[in-house]
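When we follow our numbering, the leftmost residue of the sequence shown carries the number 1, and every step to the right adds one.
Derived by calculation from the structure, the hints in this document are not laboratory data.
Do not rely on the hints blindly, as some may be mistaken.
[Claimed, not checked] Pairwise CB distance ranges, derived in the manner of DEER restraints:
| id | residue 1 | residue 2 | range |
| --- | --- | --- | --- |
| 1 | Ser-6 | Asp-87 | 40 to 46 Å |
| 2 | Ala-385 | Asp-111 | 40 to 46 Å |
| 3 | Asp-400 | Thr-271 | 36 to 42 Å |
| 4 | Thr-24 | Asp-215 | 30 to 36 Å |
| 5 | Ala-261 | Ala-349 | 50 to 56 Å |
| 6 | Pro-311 | Ala-346 | 19 to 25 Å |
| 7 | Val-335 | Ala-261 | 32 to 38 Å |
| 8 | Ala-89 | Val-335 | 23 to 29 Å |
| 9 | Tyr-61 | Ala-385 | 42 to 48 Å |
| 10 | Ala-89 | Phe-29 | 22 to 28 Å |
| 11 | Tyr-61 | Ala-342 | 48 to 54 Å |
| 12 | Val-335 | Arg-150 | 23 to 29 Å |
| 13 | Pro-231 | Ala-349 | 54 to 60 Å |
| 14 | Tyr-272 | Thr-113 | 49 to 55 Å |
No experiment lies behind these values; they were computed from the predicted model shown.
Ideal placement from N, C-alpha and C gives every residue a C-beta, glycine not left out.
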Amino acid sequence: MNPLLSRLQPYPFERLKQLFAGATPKPEFPAISLGIGEPKHATPGFIKDALSAGLGALAAYPATAGDLALRSAFTDWLKTRYSLTLDPATQVLPVNGSREALFSLAQTVVDPTASPQPVVMSPNPFYQIYEGAALLSGAEPYYVASVPARNFAVAWDSVPEAVWARTQLVFVCSPGNPTGAVMSLDEWKRLFDLSDRHGFVIAADECYSEIYFRDEPPLSGLEASVKLGRPDFRNLIALTSLSKRSNVPGLRSGFVAGDAAIIKKFLLYRTYHGSAMSGAVAAASIAAWGDESHVVDNRAQYRAKFAAVTPLLETVLDVRLPDASFYLWAGIPEVWAGDDEAFARALYAQYNVTVLPGSYLARETAHGANPGRGRIRMALVAETAECVEAAQRIVRFCKDARR
C-alpha cells in the first residue's frame, strides 16, 4: 500500500461522529445540523430537465476535455461574471466538482523528487482536501494562519523565505471556508509577487463566489490577475463549481481556468486519471452556467437567512456577517475556556444542534496554537425557519452556561 496514506488525518465529520459517541440528545428537540456544508435549497427544475434530456449521451464515452459547447459555457460565464475573455480551447477544463480537481491538480503540479522536499501551502484553518492533496503528492504541508483582527486575511508575510523557496503550490480559498473572508486586490498582488519570485503555482478555490452579502461581488483570482497586468494568468488556476451556486452538489460539476500551460499538463494527467465529465452532466452544466436568475434567487435566500440568524447569535457568540459563503465562523463564550469540542458536544446533547468544532478545520502552528480552537463553524444551509430555530437554541444554551 502507498505509505503516504498513513499520513492522512481523519476527516472532520469522522472526528465529529466520534465526539458525539455516547451523547444522547434530549428527545423533545428535533435534530438540526449546521455541521456539513451541503446545500439544501431546491435544485432548479430546468437543470434537472437538461440532465434528463442529455441522457442519450450515456451511450458514448465523454471526452476528458469536454466538447466546445461545454467549454464555451464556462468562458461565457467568466465573461458575464468578471468581464474576462478566455480561450475555450486552451484555458478551461471541465472537472467533476472542485474537490476532485483540487486533489488532482496537486498530483499534476508537485514534483516529489525535488530536494529539499517540496512544500504545498494553505491557509489555516482550511478545507482538509488541501492537506490530503499535499501529503499524497509527496509534499510537506505548510499552514499559514488567518488573522481575526484583519478579517481573517492570511498572514503570508509570516512565512520564512526558506519555506517560500521550497513551495511549489499554494492553495487559497476566497471566499474562504470556514471564515467567509474575501481576498483583496492588495493580497492578490502580494501573492502574485511571491509566485513570480519563487515560481509556485496558485490554486484559487472559488466555489463560494456566488453567495455574498455585500453590494460588490467577490473578486476572482483571474480578475485580480488581469487587473494587475497578468492577462496570461501565469502560474494561476482558478477552480469553481455548480454545487453551491446552483444547489446541485450531487451533480459533481465544475471547471478550472487559467494558465494555458498548466491546463495542458492537467489535461494530460486527467486523460489517464479517467476524470471525464458525463455527457448528461455536461448538458445540465451548460444549462446551469447559462442562467443567472436562479443564482440571484439563491443568493437572496441566503441573505434573508443570515439577516435573521446573525443578530440572534451576536448576542452570545463572537460572530459577525461574513463577506461571503454560507458559513458563520464564531468564537465561543469565555466560560468554555476555548474548548470548542466540549461546546459542540454539550450543545448536541442538550439541544440536538450540530456544529463543527473549529479546531477540526485547522492545525497547530509552529508556536503550538490551533487557530480554529475556541471557534465553531455553522453552515446555514437549511431553510430559514430551521436555521432560526437552531440559533434560538444556541442562544438558550449559551445563556444557560452563564448561570
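Going down the list of hints, with the structure as the test:
Look at Ser-6 against Asp-87: about 42 Å separates their beta carbons, and that is inside 40 to 46 Å. At about 52 Å, the beta-carbon gap between Ala-385 and Asp-111 misses the expected band of 40 to 46 Å. Take Asp-400 and Thr-271: their Cβ atoms lie about 57 Å apart, and the range 36 to 42 Å is violated. Distance hint check: the CB atoms of Thr-24 and Asp-215 are about 46 Å apart, inconsistent with the given range 30 to 36 Å.
At roughly 53 Å, the beta carbons of Ala-261 and Ala-349 sit within the given window of 50 to 56 Å. Between Pro-311 and Ala-346 the Cβ separation comes to about 24 Å, which falls inside the hinted range of 19 to 25 Å. Distance hint for Val-335 and Ala-261: a CB-CB separation of about 54 Å, inconsistent with the stated range 32 to 38 Å. Between Ala-89 and Val-335 the beta carbons are some 59 Å apart, a value that contradicts the proposed interval 23 to 29 Å.
The hint said 42 to 48 Å for the Cβ distance between Tyr-61 and Ala-385, and at roughly 46 Å that hint holds. A beta carbon spacing of about 55 Å between Ala-89 and Phe-29 contradicts the range 22 to 28 Å that was offered as a hint. Roughly 52 Å separates the CB atoms of Tyr-61 and Ala-342, a value that falls within the hinted 48 to 54 Å. Taken as a hint, the range 23 to 29 Å holds for the pair Val-335 and Arg-150, whose Cβ atoms sit roughly 27 Å apart.
Distance hint check for Pro-231 and Ala-349: the Cβ-Cβ separation is about 55 Å, which falls inside the suggested range of 54 to 60 Å. Between Tyr-272 and Thr-113 the C-beta distance comes to about 19 Å, which lies outside the given range of 49 to 55 Å.
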